[in-house]
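Listed in order, the protein sequences are those of chains W and F. For the first sequence, position 184 (counting from the first letter as 1) is numbered 183 according to numbering that gives the first Met the number 0, and the numbering increases by one without interruption. For the second sequence, position 162 (counting from the first letter as 1) is numbered 161 according to numbering that gives the first Met the number 0, and the numbering increases by one without interruption.
Please note: incorrect hints may appear among the correct ones.
[To be verified] List time: in silico DSSO-like cross-link candidates among lysine-lysine, alpha-carbon distance up to 27 angstroms:
(1) W:480 - F:115
(2) F:55 - W:274
(3) W:480 - F:160
(4) F:115 - W:491
(5) W:274 - F:58
(6) F:177 - W:392
(7) W:476 - F:160
[To be verified] Counterexamples of contact, computed for chain W against chain F with all Cβ distances above 12 angstroms:
(8) 44
(9) 124
(10) 278
(11) 359
(12) 558
Simulated from the structure, these hints should not be mistaken for laboratory data. What you are looking at is a predicted structure, and each value in this text was computed from that prediction instead of being measured. For glycine and all other residues, C-beta sits at the position ideal for the given N, C-alpha and C.
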Amino acid sequence: MATDNYDVIIVGSGAGGGMSAYHLTKSGMKVLMLEAGRDYDPRVETPMFNINAEAPLRAVGTPDKPFGFYDATVDGGWQVPNEPYTVAEGSEPFIWWRPRMLGGRTNHWGRIALRFGPLDFKPHSRDGLGYDWPITYDDVAPWYDKTEKLIGVSGANAPQNLLNTPDSPPGCLMPNAPPRAFELFYERAFKAMNIPVIPMHVAVVTGQMEGRNTCLFATPCGRGCAIGANFQSTTVLLPPAMATGNLTITTNALVYEVDLTKDGKAKGVSYVDRKTGEHHSVTAKSVILAAGSGETARILLNSKSSKFPDGLCNTHGMVGRYLMDTVGLNVSGQFPHLEGLPPTNDDGQGTEHTYVPWWGYEKQKELGFPRGYHIEIGGGRQMPSMGLGGLVKEDLHLTGDALRQRLREKFGSTISFNGRGEMIPNDDCYCELDPVTKDKWGIPSLRFHWKWGESETNQAAHMVKTFTEVIEKLGGKPTGKVERDGRKAISKGGEMIHEIGTARMGHNDTDSVVNQYGQTWAVPNLFIMDGATMVSSPDKNPTLSIIALAWRSADNMATIAKQGAL
Amino acid sequence: MSTETPEPYVSKIDRRTALAWIGVVGAATAAGAGVVVYGPKMGGDRITRGYGTDPKLTKPEKAPWSRIMIAEQLQTAAILADFILPASGTAPSASSLGIPDFVDEWVSAPYPDQVKDRPVVMNGLNALGAKLRKANAADRAAALAALPASTDPTVMAFWKKFRGLTIGAYYTTEAGFKDIGYIGNVPRTVDPGPSAEVKAHVQDALTKLGL
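In isolation and in its complexed conformation, chain F is listed as follows (with noise of 0.2 angstroms):
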């Protein structure tokens, strides 16, 4: 995480104002590989239905209803993200695997758990924005370090919420499996089980449970 100069979170909905919020004109960089982009929010009547009992699973369509995060919020979320999984050796940030666009899909869908989630996201992020905004960088930091360690209710619910949205969103993609070990999800003509290695492990943990 920069907290010097953040760079700024390239949103795929507007991209101008985002870095206009920045100040920082020139230095968007953070749309790399595999970020999502869902193409411009268009004007008209926002759109607040689900993808129905019968989407189509092979091709999943991306999912129909209107975002309603602004671009101001999307930065904050860019900000926050990478606080919580910044760049490290080849596993990219946060943002740039689009963190932030799902936190939009996920606090903008129809459904209740989501709507649940909206208001200790959008508030949350609302007012974190208003402390990184004319902030400078050791405030910034400050900022984002205070966080897991609030005592205010309402603070922690944002925190652990918005921990679990990134947690979950970046080890979804392949760049989280490759991060965290996971190497399934490949055809294999044979099971071969555990290796040697992995069974050893386990027996030393039973011999130490005296099992």
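If we strip away everything but chain W, and leave its shape as in the complex, we get (with noise of 0.2 angstroms):
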């Protein structure tokens, strides 16, 4: 390895990772990129079709496989072995979600695909909290034009020019599939209480797009497309890159160490290699982190140096600062007059149809709490699974026919109501190297520190009033007890798997750790091109952004490396 001569060492695969490969290659660069987990194919692992009764367990989750077994997530999940992380004492609960797998969390991902607004970008500017990003919606807006283009994104519509909830251009986006039954029941509650409904965008191709193959309208997107339908970095970006015969992937490469040289530019990075357990040094002209927020912030934190002896990039302490995730809450309802609906295909676009953007901006100080929330809305007719006995929970006494009766009349009466709101940033809220606990590996692990804000708290309590009004318009119950309490209802941290901003982008040097192109400010060939350097977590969810910005990012350090000046 040491006789290629590399332009550019990219560690991870996932969505910035792989975007940066996607262009840099494209651009004549020479690239290694560096994968903590084994390599992945989805097109001949993906379980297409598979029912649950072909799986252990009928496919529930476990500790091996949390999000159930035909999960596409590979040697991972809320713990990956060997590779602990520790939560620090008095903190809030926090879990962080990894695979160790080509392409990461794209693989899996909800294929939610909306666009920060032009607020999101100006959250100090709106109401003095939080911080600004050091750039505009219109410097990304051409950026999310290509990502949409690139990675198939549906969900078009006729503009709707709604308060910081961007339209698409025309030829962005393709149609959505038509709303189901469940969507045009629960449609008609909101739109009585003044609430918007649209169509969802969502990273499937549900039309002809060149090169790509459409949806087959079945099978869940979790598991993984193997004909490449939805967005993922193994099946979208990754090949045309390797296409270009300028890409070499590692993988099992767990990446420790950014290693400089003695005048302080970034030479390579050091890795050892998960199933043989050696370690080994590589180098190229520069570096790009898209580790993913928490393993970015600890490749910074591990790499000390005379220079820097609290860590890369950290001699004003801001790695692994402003650590956001997203609120997330549920409530769930079982509907009466959706019973015995006749039988109807639901399994759609993989995804949402339409959903319920924020709806409160002008009236955030009569609401009690500063950010608001999306509504992601599922239901239907879903493939049965190990849940199914819910619906007749209440029905203790009936067996047999008056059994597969009320089966029949209740399947599909359920709608689950999901808000997914912003968080601020906050100074509770971070992860750091923990004293003690090393992996298997000797390397130092993450410790995380949590505590929600009652800017979250009171957002999640007012989901929980929107989700129950909804129901009782639309006739139907609540399933389970319903927590009112916000401080109780709300995720855990880290659970909606959005953490982002442990080493954001700012102005200066003062106050952050990168500049708006991804640049760290202390080591001028050092880049990070994945969600850390998010400045706020808009209630959008942020893969979509991640892509954008890892575009735009790796086109303005492809721009600097020609003029010579890594």
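Now that you have both chains on their own, put them together as the hints suggest.
This is how it looks when you write it as structure tokens:
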């Protein structure tokens, strides 16, 4: 490997790593990609159309496969064997989802692809809370356009002109599949409350798209997609990058340190091979970290030198700070009015066809919490799972034909309302190196600190209020006990798997770790191109923005490289 | 559910034991199409490992852990599963879909949720088995009918758990899909959305709700 003359090493192969590799290899740069997990090929490994009866325990989640047997995640979940993390004493719970596979979390993600809006980039200017980004929506908009056209996003719609909920320009999005019965049903309740319901933006190819297969409108996206109809780094970004001849991928390479030259520039990285335990160092003209916000921070913090005794780029102590997640909360309801619906195929396009964007921007003062949430709503006649018995838990006496009949009636009559809200960064949420715990290879582990603010817990309480009101309007009843205390009902830190913001971007080297292009202030040939650079955590799911920002950063990096400035 | 002469549950583990217990040798017809046959239980050390964090997904392998239920418990499970979901019209009985085998797989599993369920199900099956073993048809039927009406929290916990496992296991099969009216999991070139009939049903509901 020493004979290879790499222009850039990319650590990580998910949304950020995949996108930067795609752009830089196409720009003619020689790229070495290091992925901590194993090689993974969705074309042959995806359990398309398998039914639950074929899997152990009918495919329910277990500690080995927390999101169910068929979930795409390899060697991971809330715990990764041999790679512990800790949560500080006195902290609220924090959980950290990691896979160990090529393509990272893009293999199983929810495919919801919403743009951040103009207010999301300037939250402090709006209400004095949190921090502004050094860029505006207009800076990123062209990259959203390009990203949507490249990865394939559905959700085309007539312009809605809703505040802070950007419409994509014509030609960026494909049309969604039509709303399903339960979507037609709930829409009317929201409209009666003056709350909009609009097409969801989903990274699924729903129409004709050159070079891509169209969705089969069946079998869940979380398993991955053997025909590449949804966005995964492994099907959409890495194959064309490989085709340039400029990409080399090394898997099972767990990077733990950025190596520096004497004059303080990045000369490469060191990694341990997870299978053999051997340590290696590789060199290149520049380095991109895109290992995911937690792992990227861990690499920086473990890269200690005389110039950076507290970790690379961490002279001001900001690495690991401003850790954010999304506020999550669920209330489900059962609806007698949906009972007895004739059988209909609700498999759909893999995720919601419609959703509720945040509607309360102008009412935040009276609402008592400063930032909003959108609502992701699931339901319909989904493939039966082991949870099916829950439909008849109140009809315990039923057996035989009466039981069969009741199940037929109630199948598909529940709807789940999932709030996904903005979190404001706070001083109690961060990660650092654990002083004691190390991984199997002796590398210090991360220790997380977490505490939701009142902005989030009040928002969570409002979600419960909204969802129960909608359920009532639709003549339904919540399934199970409803927790109205936002502090108790809110998700755990990290649970939404949107952890971002540990190496944020800013205006200068005193307020941030990187500039608006992901270039670290401290080491000019070291870049960060994952969610770590995000300054705020809008309610919109981060993956689309991670890709768009990585593309924008990689484009800038390629320009700098051509100028010989690396 | 035949309470007259229970069909012997043909255990994939030990068919002979099941038949002997029931005492109706020669009537082994329960193992129809769709029964999951795992092969005989082998001697040696009990395997308690899970399937690991990287199992093969496209053609899942049999779960690796040893099964713990003995023939008598499987037989009780078959009778109870068929009390919950006996054959009806073209819909097969729970036992013919191998539900007792699935319950065995479940209670034998090394994962926390299943380990928690293990004593609930096993104790429940043992207690029920003792009642069924020497009972005549009428007493057998009464013993089963008493379960959902029980005021004993231990019995009710067993009933809820076993019934949930039976329903889940039954309706996650192709036969279950057919019975409940799940018509998805088929590739389509387009998703046309709900039919006019379905839309009309939804509209009726909304009208009734004043929406």
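Here's how the hints hold up against the structure:
no. : hint          : verdict
1   : W:480 - F:115 : holds, 22 angstroms
2   : F:55 - W:274  : holds, 19 angstroms
3   : W:480 - F:160 : holds, 19 angstroms
4   : F:115 - W:491 : holds, 24 angstroms
5   : W:274 - F:58  : holds, 25 angstroms
6   : F:177 - W:392 : holds, 22 angstroms
7   : W:476 - F:160 : holds, 23 angstroms
8   : 44            : violated, 6 angstroms
9   : 124           : holds, 39 angstroms
10  : 278           : holds, 24 angstroms
11  : 359           : holds, 21 angstroms
12  : 558           : holds, 40 angstroms
Going down the numbered hints, you'll see the structure goes against just number 8.
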